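Peer 1: Each chain, letter by letter, is given below.
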Amino acid sequence: MLTRIAITQIFVPDQDAALDFYVGKLGFEVRTDQAFGPMRFLTVALPDDPGHEVLLEKPGPPGYSEEVAAQVRDLISKGAAGGHLFFATDDAHKTHAEFRQRGVEITEEPVDRGYGIDFGFRDPFGNHVRVSQMKQP
Amino acid sequence: MIGAVSAASEDSNRRMLRARDAMDRRYAEPLDVPTLARIAHVSEAHFIRTFRAAFGETPHRYLQRRRVERAMWLLRCTDRTVTDICMDVGFSSLGTFSRVFREVVGEPPSVHRRRGPLPPAPSCFAMAWLRPAGDAAVSEKPAGAPRP
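Here the protein sequences come in this chain order: A and B.
Read in the numbering used here, the first sequence has 76 at position 76, and its numbers run on one by one without any break.
Plus 1000 on top of the position in the second sequence (first one is 1) and you've got the numbering used here.
Hints listed in this document are in silico derivations from the structure and should not be mistaken for laboratory results.
Some clues are possibly wrong.
[Claimed, not checked] Where chain B lies over chain A, by a calculated footprint (3+ residues, C-beta under 8 Å): (1) 71-80; (2) 108-116.
[To be verified] In silico contact screen, one side only, chain B against chain A (beta carbon under 10 Å); selected entries: (3) A1007; (4) N1013; (5) M1127.
Owing to the predicted nature of the structure, the values given are computational and were not obtained by experimental measurement.
Here a beta-carbon is modelled for each residue, glycine too, at the ideal position from N, C-alpha and C.
Just chain A, same shape as in the assembly (with noise of 0.2 Å):
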């Protein structure tokens, strides 16, 4: 039986940038950053949950050949690269309000859905994100 999701991958052009994206103006830390042969394997996980990283997988040789990197980069910059990060929080607007403050690019406000009130944003590539705070069942 699986027990829960320990890793979430997305697909990230510029692992130092999106770094200063994640762990600067997100929030998150970093759980793993070693070279693995040609690779850098980095992952990063919110101070409230350790359990559930995210690798941030630069698309690249060997793992990907040159032509399918350049796909996967135009994927994401078209933001259509998938790996949507779905996120919870306790107060949409405070989060809200701190991401503005800190340059985050709001694709859309704080808005009342009947299910929580949710926004979304973009990281540097084109990645989409989206924060809801749920209503209490």
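Starting from the structure of chain A, add chain B where the hints point.
Peer 2: Chain B in isolation, oriented as in the chain A frame:
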């Protein structure tokens, strides 16, 4: 060299995506090409061509279909009048709204309203998937539970 071309094209895509996000967020405003081109940091002539190359349709058509998608939702999920909805989603003339709606959806707004309320879904999901393609009738599957 291939890397440099690819980086330039990714940067261009990213700016087009910023303009597309602005249309998703500010569809109710009178968004014109100069405004969108400024958001994307490109010339007006370049903007239309580049947007189309990235997303397969002109910015005008993208915005029209976004407005129609929002109108479809409002028709089915609220009691607002057709005229109010026309203005809510950014059309300035009821005649244009009715014509574009019919052309894109395949039926007039008043007929579409009779399909009844849409199942609850997160707004981002609805906006991604309910924007009408403009070449097909409405297809529907049974309702599910609301999720973020």
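Peer 1: Just pull the numbers of the violated hints for me, sorted ascending.
Peer 2: Result: no hint breaks.
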